[in-house]
Amino acid sequence: MNGKAYIDIAAAMARTGVLGYGGGPSVIPLFRHEAVSRYKWMSDEEFGEILAFANALPGPIATKMAAQLGYRQKGTIGAFIAVIAHILPTTIGIIALLGTLYSLKESTVISGMIAAVRPVIAVLLGMMAYEFCAKTWKGLGKTVGLAAGLLSFLLLVLLNVHPAIVIILFLAYGTIHLRVSRWAKQKTGKDREDSI
Amino acid sequence: MIYWQLFSAFFVANLLGYGGGPASIPLIQQEVVDHYGWMTNEQFVDMLAMANALPGPISTKIAAFAGYQQAGWLGVITATAATVAPSAIAIVILLNLLSRFKHSPAVKGMTLLVQPVIAVMMIMLTWEFSHVSFESIGYVQSFLIATAAWLAMVKWKIHPAVVIVAAFIYGGLVLPHIGS
Numbered sequence: 000m001n002g003k004a005y006i007d008i009a010a011a012m013a014r015t016g017v018l019g020y021g022g023g024p025s026v027i028p029l030f031r032h033e034a035v036s037r038y039k040w041m042s043d044e045e046f047g048e049i050l051a052f053a054n055a056l057p058g059p060i061a062t063k064m065a066a067q068l069g070y071r072q073k074g075t076i077g078a079f080i081a082v083i084a085h086i087l088p089t090t091i092g093i094i095a096l097l098g099t100l101y102s103l104k105e106s107t108v109i110s111g112m113i114a115a116v117r118p119v120i121a122v123l124l125g126m127m128a129y130e131f132c133a134k135t136w137k138g139l140g141k142t143v144g145l146a147a148g149l150l151s152f153l154l155l156v157l158l159n160v161h162p163a164i165v166i167i168l169f170l171a172y173g174t175i176h177l178r179v180s181r182w183a184k185q186k187t188g189k190d191r192e193d194s195i
Numbered sequence: 000m001i002y003w004q005l006f007s008a009f010f011v012a013n014l015l016g017y018g019g020g021p022a023s024i025p026l027i028q029q030e031v032v033d034h035y036g037w038m039t040n041e042q043f044v045d046m047l048a049m050a051n052a053l054p055g056p057i058s059t060k061i062a063a064f065a066g067y068q069q070a071g072w073l074g075v076i077t078a079t080a081a082t083v084a085p086s087a088i089a090i091v092i093l094l095n096l097l098s099r100f101k102h103s104p105a106v107k108g109m110t111l112l113v114q115p116v117i118a119v120m121m122i123m124l125t126w127e128f129s130h131v132s133f134e135s136i137g138y139v140q141s142f143l144i145a146t147a148a149w150l151a152m153v154k155w156k157i158h159p160a161v162v163i164v165a166a167f168i169y170g171g172l173v174l175p176h177i178g179s
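Residue numbers (numbering that gives the first Met the number 0), protein chains in the order written: chain A, 0 to 195; chain B, 0 to 179.
There could be a bad hint or two in this list.
Unchecked claim - Stretches of chain B that chain A covers, calculated by requiring three or more beta carbons in the stretch to come under 8 angstroms of a beta carbon on chain A: (1) 72-85; (2) 146-155; (3) 158-167.
Claimed, not checked - Computed list of lysine-lysine pairs in BS3-like fashion (alpha-carbon distance at most 25 angstroms, straight line): (4) B:Lys-107 to A:Lys-141; (5) A:Lys-184 to A:Lys-141; (6) A:Lys-137 to B:Lys-156; (7) A:Lys-39 to A:Lys-3; (8) A:Lys-184 to A:Lys-134; (9) A:Lys-141 to A:Lys-186; (10) A:Lys-134 to B:Lys-154; (11) A:Lys-186 to B:Lys-107; (12) A:Lys-184 to A:Lys-137; (13) A:Lys-39 to A:Lys-73; (14) B:Lys-156 to A:Lys-134; (15) A:Lys-137 to A:Lys-186; (16) A:Lys-137 to B:Lys-154; (17) B:Lys-107 to A:Lys-137; (18) B:Lys-107 to A:Lys-134; (19) A:Lys-184 to B:Lys-107; (20) A:Lys-73 to A:Lys-3.
Said to hold, decoys possible - In silico contact screen, one side only, chain B against chain A (beta carbon under 10 angstroms); selected entries: (21) Ala-12; (22) Pro-25; (23) Ile-57.
In case anyone wonders, no lab produced these hints; they're calculated from the structure.
Here a beta-carbon is modelled for each residue, glycine too, at the ideal position from N, C-alpha and C.
Construct the entire structure; sequences and hints are all you get.
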């Protein structure tokens with residue numbers, strides 16, 4: 000019984016790691032399937048709770064989920080097993096794949112293959128850039144979103160400030176942003192009333 | 000020394016990547032290419048291509064390969080641990096101590112405000128990587144492949160992994176005969 004719990008964790012996490020195509024966020028439905036539907040470790044609400052938390056913290060989302068799901072079942076060792084099982088297969092996969100590819104780089108077929116993928120990656124990144132722009136637009140609104148984008152362009156590209164500093168500055172303002180925008184709204188609301 | 004560099008590079012990049020793995024790609028590029036010079040932009044694109052073709056979380060795959068290239072298997076462990084451990088430990092501790100932070104306006108505001116910075120970094124990265132492609136196969140082929148990829152992924156909703164494999168096949172069969 001005891002051993003089986005660890006095997007369950009390892010199997011569930013290895014499956015989600017190998018089947019989750021397209022980076023962390025796409026793997027969340029698979030986690031839900033394993034934790035809620037297959038093994039019944041928790042209810043849908045509890046899963047949503049953990050997900051909300053994982054989203055609030057920095058760092059890769061999938062490994063945070065794996066850690067908490069494993070911890071909830073079997074404590075620290077469970078968390079450890081969950082994270083390792085989740086990332087080990089693809090970790091070995093990428094090293095083997097890139098190792099082979101680089102050793103064959105002289106071949107024109109292989110170098111053609113590599114070259115043809117580069118534009119695809121550029122498109123993928125462009126799509127991600129677009130998504131982040133859309134999220135900014137939706138979350139912050141047009142004016143603030145555009146201003147924030149321009150400000151970070153100015154700092155990052157024109158003034159060459161280290162991204163860490165820019166992000167920390169933006170995060171620091173982020174902690175008070177909602178209060179500021181509520182205050183701004185109240186004030187403009189009041190102004191309007193005054194003018195009427 | 001190299002282990003410490005690997006650890007701090009991946010620790011910083013993933014800590015600042017608010018919003019999951021993909022958000023930290025530009026930050027990792029900054030550390031790995033611009034700061035430490037472990038790879039050229041070209042190598043970084045190639046690695047990203049492979050990482051996207053394989054399943055699983057993206058940032059741990061990048062960490063694993065960069066770690067392996069710099070310092071072998073110990074490097075893999077160091078870089079992956081730096082990527083995974085801090086946030087994994089944080090979530091376990093936080094979730095089990097207190098559960099009122101996640102709805103706090105401060106946390107929500109932070110997640111909102113980091114988006115524009117990541118957006119700008121992504122745009123710059125797209126720009127740089129397009130250049131890598133122009134230099135290796137020229138404008139015509141680059142645009143052809145990019146347009147096809149965009150149509151496939153955005154219009155026809157074909158999975159990126161399938162598109163990457165298709166590009167591989169095209170590149171292996173056609174590009175060697177075009178001669179640059």
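message: Output the indices of the hints that this structure fails to meet, ascending.
response: none
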